[in-house]
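Input sequences plus hints: build the corresponding full structure.
This is what each chain is made of:
2 protein chains.
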Amino acid sequence: MTEAENAPDDILDRPIRDEDGAIDAGLVEQVSQAVLLSDLTTLRAIVADMHEADLGALLEALDADERPRLISLLGTDFDFTALTEVDDSIREEILEELSAETVAEGVRDLDTDDAVYILEDMEEADKQEVLGKLSPAERIALQQGLDYPEESAGRRMQSEVVAVPPFWTVGHTIDYLRDTADVPDRFFEIFVADPAHHFVGTVRLDRLLRTKRPVPISELVEEDRRVVKATEDIEDVARMFQRYNLVAAPVIDDAGRLVGVLTIDDIVDVIEEAADDDVKQLGGVHADEELSDPVPAIAKSRFSWLFVNLVTSFLAAAVMSLFEEQLSKLVALAILAPIVASQGGNAATQTMTVAVRALATQELGAWNLRRFFTREMIVGLINGVGFAVITGIVAAIWFGSSGLGIVIGIAMIVTLISAAAAGVLIPLALDRFDVDPAIASGTFVTTVTDVVGFFAFLGIATLWLGLA
Amino acid sequence: MTEAENAPDDILDRPIRDEDGAIDAGLVEQVSQAVLLSDLTTLRAIVADMHEADLGALLEALDADERPRLISLLGTDFDFTALTEVDDSIREEILEELSAETVAEGVRDLDTDDAVYILEDMEEADKQEVLGKLSPAERIALQQGLDYPEESAGRRMQSEVVAVPPFWTVGHTIDYLRDTADVPDRFFEIFVADPAHHFVGTVRLDRLLRTKRPVPISELVEEDRRVVKATEDIEDVARMFQRYNLVAAPVIDDAGRLVGVLTIDDIVDVIEEAADDDVKQLGGVHADEELSDPVPAIAKSRFSWLFVNLVTSFLAAAVMSLFEEQLSKLVALAILAPIVASQGGNAATQTMTVAVRALATQELGAWNLRRFFTREMIVGLINGVGFAVITGIVAAIWFGSSGLGIVIGIAMIVTLISAAAAGVLIPLALDRFDVDPAIASGTFVTTVTDVVGFFAFLGIATLWLGLA
Numbered sequence: 001m002t003e004a005e006n007a008p009d010d011i012l013d014r015p016i017r018d019e020d021g022a023i024d025a026g027l028v029e030q031v032s033q034a035v036l037l038s039d040l041t042t043l044r045a046i047v048a049d050m051h052e053a054d055l056g057a058l059l060e061a062l063d064a065d066e067r068p069r070l071i072s073l074l075g076t077d078f079d080f081t082a083l084t085e086v087d088d089s090i091r092e093e094i095l096e097e098l099s100a101e102t103v104a105e106g107v108r109d110l111d112t113d114d115a116v117y118i119l120e121d122m123e124e125a126d127k128q129e130v131l132g133k134l135s136p137a138e139r140i141a142l143q144q145g146l147d148y149p150e151e152s153a154g155r156r157m158q159s160e161v162v163a164v165p166p167f168w169t170v171g172h173t174i175d176y177l178r179d180t181a182d183v184p185d186r187f188f189e190i191f192v193a194d195p196a197h198h199f200v201g202t203v204r205l206d207r208l209l210r211t212k213r214p215v216p217i218s219e220l221v222e223e224d225r226r227v228v229k230a231t232e233d234i235e236d237v238a239r240m241f242q243r244y245n246l247v248a249a250p251v252i253d254d255a256g257r258l259v260g261v262l263t264i265d266d267i268v269d270v271i272e273e274a275a276d277d278d279v280k281q282l283g284g285v286h287a288d289e290e291l292s293d294p295v296p297a298i299a300k301s302r303f304s305w306l307f308v309n310l311v312t313s314f315l316a317a318a319v320m321s322l323f324e325e326q327l328s329k330l331v332a333l334a335i336l337a338p339i340v341a342s343q344g345g346n347a348a349t350q351t352m353t354v355a356v357r358a359l360a361t362q363e364l365g366a367w368n369l370r371r372f373f374t375r376e377m378i379v380g381l382i383n384g385v386g387f388a389v390i391t392g393i394v395a396a397i398w399f400g401s402s403g404l405g406i407v408i409g410i411a412m413i414v415t416l417i418s419a420a421a422a423g424v425l426i427p428l429a430l431d432r433f434d435v436d437p438a439i440a441s442g443t444f445v446t447t448v449t450d451v452v453g454f455f456a457f458l459g460i461a462t463l464w465l466g467l468a
Numbered sequence: 001m002t003e004a005e006n007a008p009d010d011i012l013d014r015p016i017r018d019e020d021g022a023i024d025a026g027l028v029e030q031v032s033q034a035v036l037l038s039d040l041t042t043l044r045a046i047v048a049d050m051h052e053a054d055l056g057a058l059l060e061a062l063d064a065d066e067r068p069r070l071i072s073l074l075g076t077d078f079d080f081t082a083l084t085e086v087d088d089s090i091r092e093e094i095l096e097e098l099s100a101e102t103v104a105e106g107v108r109d110l111d112t113d114d115a116v117y118i119l120e121d122m123e124e125a126d127k128q129e130v131l132g133k134l135s136p137a138e139r140i141a142l143q144q145g146l147d148y149p150e151e152s153a154g155r156r157m158q159s160e161v162v163a164v165p166p167f168w169t170v171g172h173t174i175d176y177l178r179d180t181a182d183v184p185d186r187f188f189e190i191f192v193a194d195p196a197h198h199f200v201g202t203v204r205l206d207r208l209l210r211t212k213r214p215v216p217i218s219e220l221v222e223e224d225r226r227v228v229k230a231t232e233d234i235e236d237v238a239r240m241f242q243r244y245n246l247v248a249a250p251v252i253d254d255a256g257r258l259v260g261v262l263t264i265d266d267i268v269d270v271i272e273e274a275a276d277d278d279v280k281q282l283g284g285v286h287a288d289e290e291l292s293d294p295v296p297a298i299a300k301s302r303f304s305w306l307f308v309n310l311v312t313s314f315l316a317a318a319v320m321s322l323f324e325e326q327l328s329k330l331v332a333l334a335i336l337a338p339i340v341a342s343q344g345g346n347a348a349t350q351t352m353t354v355a356v357r358a359l360a361t362q363e364l365g366a367w368n369l370r371r372f373f374t375r376e377m378i379v380g381l382i383n384g385v386g387f388a389v390i391t392g393i394v395a396a397i398w399f400g401s402s403g404l405g406i407v408i409g410i411a412m413i414v415t416l417i418s419a420a421a422a423g424v425l426i427p428l429a430l431d432r433f434d435v436d437p438a439i440a441s442g443t444f445v446t447t448v449t450d451v452v453g454f455f456a457f458l459g460i461a462t463l464w465l466g467l468a
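For the protein sequence lines, the chains are A and B, in the order given.
Sequential numbering of the first sequence, starting at 1, is according to the UniProt record's numbering.
Sequential numbering of the second sequence, starting at 1, is according to the UniProt record's numbering.
Hints are supplied without guarantee of correctness; some may be wrong.
Said to hold, decoys possible - In silico DSS-like pairs for lysine-lysine, Cα to Cα no more than 30 Å straight-line: (1) B/Lys127 / B/Lys229; (2) A/Lys212 / B/Lys212; (3) A/Lys127 / A/Lys229; (4) A/Lys127 / A/Lys300; (5) B/Lys300 / B/Lys127; (6) B/Lys127 / A/Lys329.
Hints were generated in silico from the structure; no laboratory data involved.
Structure (structure tokens):
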């Protein structure tokens, strides 16, 4: 690397991300070098203008020991918000290495939602040490957020809100906003609360801007129908944001007092995470698995799911072993049986995928359940007949036995109809028992199709081909 | 149903959705009755205060013939925005039934993004008929959006923006907003453009509110680094919104002129849809499949995917048939082979799921590819050994043959390592060739694991157990 390449001017011209959206490899290399050499000039020049999301991605791309070094070197020049943008395991690793002073200094100026996000997974003792270094007001605000349950609206809310009493005028409010330094960095709505902090309603900024100064705030208040309770589940809140196109929503406590605000940028992450969890769980991967997790953790969590699958495979094998005699008489049965089971498994996965997502997005309810079930059964029947014909003809020609063709055809129809039924009923039953259908459906569903597939094919073969 | 239940007062007290978030079945019944009886009083009372999202959900819950009737009955009391909230196939069905006058009347007052969304899938002739009934200004605004490619930012943007010249003052701008009726319903930022409409920058509403009247706008302008080109792919734009926590972004044309704005509420839908597409495609379901699609469409699209799977199943069966002699000599092989293939398939699916999502969310790039591949291979090896031991012991005991146990153990290790390799390399290769890895990975991956699983198990058995 030449000296010219290290000059600050040049650094700012570097693209931060490559065309795939990943952090630029050259930049990572440069930062890594600068950390090694404790080259503060270069580091400051690079991070000075960097968005927290890019800084987070940069952190992730560094080696594990370089991350806390970078943060310690930069001191207050490091924007701790970046820690909300990295994988959980990386954040935990970094926080363990940093001193309580550094963390306290770093979270001090953050919005409470970001500070809570950073602190929540720390060891209780470390967390208390950090909180102890903050001012009482800061500590109380953070402790309030941390006291709400995980995955609740209170845990994710920002407690800094702009709230004015209903008897103020538009002019008074605007003057207040102009003269007060202590308002959030960015806000979309002004909340109205009475002197006892009880939430009254919302005033949109664009309405405030468009109204004459003498008008009282009480005339602009919209009585929000979409108020969030601090104890509400954050995924339910996210669903509401998405459904009603909200940008922000007030959060109240059990006594109706305004305690914070939830904004769409936090909610977008919740929505993406919920969808991501579904994808992973349907693929047999634990929802918490992150790309940066260490090998032993991943091997262990994948193992448990594969173990369940192994048990069900042995169950299917046990079904096959009931027909040991027939299999040894006619080896074509052994060759064709997996085809039936595989078609059943894939057809069931299709139905199950649709059912699981429709349940997650609340598109499937009492009103359309019967319609959905009927439709899936008919689709199963149609495709069952289609594949019965194709598979039957191929099998008959391959093994020169029309009997075998008929047997596999009938088995295919039976299996695909069972697949449709299992694909609907198993996710629904799990949902009814409050088990997340995305986690467990796959195993149950393929067990059903394997068992039905083998049993139908080998059973019908035994009867039809006189192999008993 | 009693008369009292039909009274408007009572109607408004009804819950719109049940606790699962689905539209209330009683409400659907009531609306259905009112449509049948052309009871406008009841219908108006029900929809008067209803959010477009609820109205959309209500439409979906009605029977197909009741939907256009409801809209025609209500006339201008029906908020056409609700049509952006229903499944595509339902919207198309409804639009076919409505007259061009009704549609033109309905889209006239909508924001352009909603109007474009409703019109874009109509037959070209019908679309032109509707556009012909609008004023030239309205028509040009909509035509501009419709002319941008599908899935582009220009197609999804709203062309109504608040734009002021840089030489205005804060006071002038606020007065303009107060006195002009023709500004969008809701906005988060004010854009600054020069007299030739070239985009200059953005002023946030909260900054505008907090600044004294005589300050010129040019002092508040933030030169936006996140400007969207109208031709950009909307999923890339969504990724940017999510990464940088944006709420709105200006859209410019090739000449740098401000042509519209994209807001987070549209982007949230894009993010959810992208995740949803991944879920469906990984489950072997076409991304466009919607819950309301008719049976033939669904059967057909599912069939094509299952057909691909059938072909690969026959390929795996062909591998098995190479060992016909061995299978007939030792029927335990036929019973155990599917277990090896199934473990391989599931392990590969785990790896593939993680790879596909990491590619989709741009978490996997050149910088961590090797790390990811190595990790997956090690996980494959660890779990391969683990399942080799378990399966080997069970198989040895079950069939009373330690040789069989050793064979299935070795086959398990080989298969799980291949599964890890296939689970990483196949999605990556597809991505490199610009094929969406979510669509095709599953088929290729399970083909590899089936073939490897059967071949490894039966091949090793042939050599080890002397069955050749």
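Status of the hints after comparison with the structure:
1. B/Lys127 / B/Lys229: holds, 26 Å
2. A/Lys212 / B/Lys212: This hinted pair holds, its Cα atoms lying about 15 Å apart.
3. A/Lys127 / A/Lys229: holds, 26 Å
4. A/Lys127 / A/Lys300: holds, 28 Å
5. B/Lys300 / B/Lys127: Satisfied, since the Cα-Cα distance of roughly 28 Å is no more than 30 Å.
6. B/Lys127 / A/Lys329: Violated, because 66 Å separates the two Cα atoms, which is more than 30 Å.
Taken one by one, the earlier hints fail for this structure only at number 6.
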